[in-house]
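Undergrad: Position chain B relative to chain A; hints supplied.
Protein chains: 2
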Amino acid sequence: MSAMDKRPEYMNLKEILVEMKNISELIVDLAYSSILFDSEAIADEVSGLEDTMDELNYQLTIRALLASRTRDDAEQISEILNVASAINNISDHAQNISEIVSRDLDIHSVISESLKHTDEKIFRIQLDDLSQLIGMSLRETQLASRIGVTIIAVRKGNRWIYNPRKQYVFQKEDLLIARGTEEGNLIFKEIAKGRRSKW
Amino acid sequence: MSAMDKRPEYMNLKEILVEMKNISELIVDLAYSSILFDSEAIADEVSGLEDTMDELNYQLTIRALLASRTRDDAEQISEILNVASAINNISDHAQNISEIVSRDLDIHSVISESLKHTDEKIFRIQLDDLSQLIGMSLRETQLASRIGVTIIAVRKGNRWIYNPRKQYVFQKEDLLIARGTEEGNLIFKEIAKGRRSKW
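Protein chains in written order, with the numbering used here: chain A, 18 to 216; chain B, 18 to 216.
Keep in mind the hints are simulated off the structure, nothing from the lab. Mixed in with the good hints there might be a few duds.
Identical copies go unnamed one by one, so any copy, or any two together, can satisfy a pair.
[Said to hold, decoys possible] Dumping the calculated DSSO-like pairs for lysine-lysine here, alpha-carbon to alpha-carbon at most 30 Å:
no., residue 1, residue 2
1, LYS183, LYS215
2, LYS31, LYS133
3, LYS133, LYS23
4, LYS133, LYS215
5, LYS183, LYS23
6, LYS173, LYS133
7, LYS183, LYS206
Pulled out of the complex, with its shape left as it was, chain A reads as follows:
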């Protein structure tokens, strides 16, 4: 898990790589979800994450160049650049996938039908001020064991928290990205919207 409390320019090389890896995992899931739900809002999240990824990759490259003093340094650091470049490319292609939503084309039914062939789905929901979740920690909610829903990321304004820890406390205006079965997702939406107080 990592909280993007810092802007990329204040992060060290390792923090940047952690962030890039987290984004690469989330962005692939989101790209497929944007098509599945024909959702421009999710496609926009993908674009935003891809911009963040580019910035992170730039900051990582700068740090890598500055850190290379000896030939040994340079050889080891070139590995990091290779991995970072591959991670960045994954996110580029995830954006290519979600672009068919942004381009406002009719999504070919073969594509959307294919994406339905999975037991678990990703969804995106804005926490309502009335939700029981507000003020509760992820541990207290026991969402995973009770309704089979996992929170994979939280967006607060422009900041993202990936794989929030058990201590994470839900707050007003959190935008949540979650993964769960169709049944779990329906229950979770009721909870997040403040229309259900027990689960």
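TA: Just chain B now, kept in the frame of chain A:
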């Protein structure tokens, strides 16, 4: 979920796309895991999946070309080719990530440290003939709710089953790819190795 019971040459366009999407999600997780565990065995799985992906993409392209009779067909089908190409590229780059393991380089500590920053980890385990799991369905085992471990794929010889359904029955020689917390993974390994019969 999809069982790769069929060889790609007997699958229809939708089945191929489902398979490609499933592989693209699994391969990114596996690529990071190969580095995390410095495991050539996992890096080899990544290579094998990437070969399968290439074959699927080829078969999809052939079907797409044959299916395009009118201009409307062609426009819609070109979308499918774009998405398939992006999916295929994701798997190429996942392989680039795991290649640093196959190349037998010392993995730079910054890279492996970065990958540890996650609560849930992927692991790969071969089911032992003595394991209690053999003959049980995924539903009966209740692995997800009891020990927090999710089976994300099963390999039987050269075939893969992604996101196995609750009805899936464990069999001798299954190679399992699972995701769970460190604690869950340790318990699961004991179960899979036949060293633990209750959980």
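Undergrad: Now, for every hint given, state plainly whether the structure supports it.
TA: Do the hints match the structure? See the list:
When the C-alpha separation of LYS183 and LYS215 is checked against a cutoff of 30 Å, the pair qualifies both within a copy, at 19 Å, and between copies, at 26 Å. For a Cα distance limit of 30 Å, the shortest separation of LYS31 from LYS133 across copies, 11 Å, qualifies, whereas the shortest one inside one copy, 36 Å, does not. Taking the closest pair of Cα atoms, LYS133 and LYS23 come within 30 Å of each other only across two copies (20 Å); inside a single copy the shortest separation is 36 Å, beyond that limit. In the homo-oligomer, the alpha carbons of LYS133 and LYS215 lie at most 30 Å apart inside one protomer (29 Å), although the nearest pairing across protomers, at 35 Å, exceeds that limit.
For the identical chains of this complex, LYS183 and LYS23 are intra-copy neighbours only, at 21 Å inside a copy versus 41 Å across copies, given an alpha-carbon limit of 30 Å. Taking CA atoms no more than 30 Å apart as the test, LYS173 paired with LYS133 passes in both settings, with 29 Å inside one copy and 24 Å between copies. Within a single copy, LYS183 and LYS206 get their C-alpha atoms as close as 20 Å, and across copies as close as 24 Å, so both meet the 30 Å cut-off.
Hint compliance for this structure: every hint is met.
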